[in-house]
Amino acid sequence: MSASGISQFDLIIAGVGGQGAILASDIIGKAAVKEKLSVRAAETHGMAQRGGSVVNHVRLGCDLGSMIPMGGADVLLALEPSEALRYLEYLSEDGLVIVNTSPVLPVTVTSGLCTYPDIDAIIEKLGQKRAVKAFNATDIAKRAGNIQTMNVVMVGAVSSYLPIPVETLLGCVRTLVPPKTVDINIKAFELGHLSTKDD
Amino acid sequence: MSTREYMLGNVAIARGIVEGGGQVISGYPGTPSSEIIGSLASMKERDFYVEWSVNEKVALEVAAGAAMAGVRSVVTMKHVGLNVAADPLMTLAYTGVEGSMVIIVADDPSCHSSQNEQDTRRYSQFSLIPCLDPCTPQEAKDMVPYAFEISNKFQMPVIFRPTTRISHGKSDVELGHVNKSTQVADFKKDLGRWVMIPKYARIQHPRLLDIQGNINKELENSPWNELEIKEDTNIGIISSGIASVYAKEAVIKQDLIASFLKIGTYPVPEEKIRRIMENSELLIVFEEMEPVVEELVRMIAQQTGSNVRIVGKMQGPVPRCYELNTDICADVLADVLGLERPLVPEEVTEDFDYKACRLELPMRPPVMCPGCSHRPTFHIMKKVYGKDAIFPSDIGCYTLGIQSGTVDTTLCMGGSITVASGMYQAGEKKPICCSIGDSTFFHTGMNGLLNAIYNKADITVTIVDNRTTAMTGHQPNPGMGKLATGEETVEVSLDALCRGMGAEFVEVFDPYDLEQTEEVFKRAKEHRGTSVVITDQLCVIDAKRSGIRRKPFSIDADKCTGCRICVNLGCPAIEFDVDAKKASVNVMCNGCGVCARMCKLDAISEVGI
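Chains as they are written, first to last, in our numbering: chain A, 1 to 199; chain B, 1 to 609.
Source of the hints: derived by calculation from the structure; they are not laboratory data.
From a predicted model like this one, the values you see are computed outputs, not experimental measurements.
Virtual Cβ for every residue (Gly too), placed ideally from N, Cα, C.
One or more of the hints may lead you astray.
[To be verified] Far from chain B by the CB rule (all over 10 Å, computed), these chain A residues: (1) Phe9; (2) Glu43; (3) Thr101; (4) Cys114; (5) Lys187.
[Unchecked claim] Taking lysine to any residue and the SDA-like style, the derived pairs with C-alpha atoms no more than 20 Å apart in a straight line are: (6) Lys582(B) x Thr181(A); (7) Lys36(A) x Gly176(B); (8) Lys382(B) x Arg523(B); (9) Lys430(B) x Lys522(B); (10) Lys582(B) x Thr115(A); (11) Lys544(B) x Thr181(A); (12) Lys582(B) x Tyr116(A); (13) Lys180(B) x Asp190(B); (14) Lys581(B) x Lys129(A); (15) Lys180(A) x Leu282(B); (16) Lys581(B) x Lys36(A); (17) Lys36(A) x Glu5(B); (18) Lys44(B) x Lys129(A); (19) Lys559(B) x Arg523(B); (20) Lys129(A) x Leu361(B).
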């Protein structure tokens, strides 16, 4: 529900430093520019990166600022389940959460200082107010051949909803991932795409 | 043919430097400015000189020298870097430049990666050096060639000030034509211009004041200031830099009709401010950080005897601190104009309580990487000096040692050794052991060490040398034997450097070797006078990139008694199962082996042995 005249499609990508959120938004941003859409994106760099919580804003068909207002995002793409909950307030009331159900435990949890909420409870909470597509993207990435392609699995998953042809996105996957990993990443994208395509 | 590319703001700024014909580019890394030089240094074909300098003062003077010799130069830094470079900055305004010079200073409202949120526009006012303030990455790129032109026209340096959301924002950017510079370095001697002894400085100060009027006129009519007067309204909005895109979106969101002035230059366009003032009964000023524009708007209102109502951050409700965004601007408009507050999902207002559904989110702070050499260094430092000791620290990845209890102060770059010295000279009796990284030591730590040794400060200085400027993105420094471009150069020895400054106790140790580390720290603590200990272990990220492969470790569950000694190290690769009371190592292990050396039960060993 991006306000008319401001942005065509607003996407929040949430995750943990090191999961490849920047590459995910780069694939989408570059593909949008190929489709002659204007793009504004904001990223987390520097101090905020070292295993911390990261959030990227990607606005397609937007000529203003890169920050998506609260309650404005069409889709929240969460590479990690607790991070979906952390940034839920960016999502519009009729927006969609696409969430990887495989958690990354922060050091506060691994060292026993905090507890990590139950995954099913997170999904249930997300589902109370929003449409949710939840699946284990990390497992899919393993099936594709490399656990590190999880971010590309998630780009595949969101591809069904973006105002960008899938072929253009795939082209950008090819040019942006390391040359030796192109085939595995294409497979990761396609498996991700299948996970949301049918319904 | 139109060429549009998807670019990081800093890469767009680097492109602007190329399009504008930049010839000498220097800088010191600092988030959010670092990728500008990173991008230029990684270009395969270059017809310009680019360097990482050792600090911002040095960088600014290198660029100033180049511009004095007549070429086009650029210096880049983050906002606090300009404090380091403020000395040459203030007098460079007097001398001016012969070629052109752009001083790029990236501000960080909200302190995403900084120790304060100072506003560089104040330096522009202070020094009387004009400043450009972009609102999008496209404008940022386009402003740089303009900055070169203005600088050359007025023979003055120009400040260019992006913020985090410009530098680390991405956007489609329309590329422009690349102008090759034809200027050749040829310094012309002119004592009255380049030698700021009192006699000449007294002449240059009024000259600097004199040219302000012309600079004002030129910037007033530049494309970076846009005024749109709407006839059917008495509301005017004035906004600057990135705040202008937030304000514009908020106006659309609130379905508001208002005259709009977007400001991109300092000195501000006074004539345009007078015009929007004449057409308005209410002026709302949106700008991030300091009320620079608002103060001037109030001054102009007073000068012209205008009764316009001015709303901004001096008396609220625009927040004085942190970044602005569309929501804040829309909320201010609603508040001031008595409009309905923008529609926000109910979660944001009342119902969004994680605890209500027993879903408290775990904190996810940034941490040192698995296998980071700073972790064992801090662990042993604390063990040897005791938890009551004082641990002044500095700015870099090791500031994350705050989680290890070994970061008690962080003031500014190079502020560890000096703060430690001051505490000692004040008569502090507790042991004092400070830490500073290699790049920060070369930056301004060296002067502090020299001072500590000279004035006999009885402290331990730990140089946590991981052979890179890690936090800002692994830029080379003088200890690495490598230039910004990757070319080989001399490798400065920290050991020899410290001895050269007169240090009598200098020891280098491998922080992965816990016994050696402890033994060195113990001797350093006993030493009377300034002792220097230097770690010798590559940053784990660089080690991986350079092909060093270490086998990961694992914990034998049968041997683990759940004592948590390894867990307390705080390594993200070590997990603890509260129910089973067992520790385990996860896939993030980088194989440093520190936990294995700490385990009293011999339960941790390399995988495959």
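Would you check the hint for Lys44(B) and Lys129(A), treating anything up to 20 Å between C-alpha atoms as holding?
Given that 20 Å is the threshold and the Cα spacing comes to 51 Å, the pair is violated.
Cys114(A) and chain B, when compared Cβ to Cβ, separated by more than 10 Å:
4 Å, violated
Taken at face value, is the distance from the CA of Lys36(A) to the CA of Lys581(B) at most 20 Å?
56 Å, violated
Under the criterion that the straight-line Cα-Cα distance not exceed 20 Å, is the pair Lys36(A), Glu5(B) satisfied?
10 Å, holds
So if I understand the rule, the pair passes when the alpha-carbon distance is 20 Å or less; does Lys180(B) with Asp190(B) pass?
Status violated; Cα separation ~28 Å.
Sort out whether Thr181(A) lies within 20 Å of Lys544(B), counting only the CA atoms.
18 Å, holds
Does Thr115(A) sit within 20 Å of Lys582(B), going by the straight-line distance between their CA atoms?
Within the cut-off at roughly 16 Å; holds.
Sort out whether Leu361(B) lies within 20 Å of Lys129(A), counting only the CA atoms.
Holds: Lys129(A) and Leu361(B) sit about 18 Å apart, inside 20 Å.
Phe9(A): least C-beta distance to chain B exceeds 10 Å?
14 Å, holds
Take the C-alpha atoms of Lys559(B) and Arg523(B), compute the straight-line distance between them, and say whether it is at most 20 Å.
34 Å, violated
Decide if the proposed pair is consistent with the structure: Lys430(B) and Lys522(B), CA atoms, cutoff 20 Å inclusive.
Status holds; Cα separation ~15 Å.
With 10 Å as the threshold, tell me whether Thr101(A) passes as away from chain B on beta-carbon distances.
15 Å, holds
Comparing the model with each earlier hint shows violations of hints 2, 4, 6, 13, 14, 15, 16, 18 and 19; every other hint is respected.
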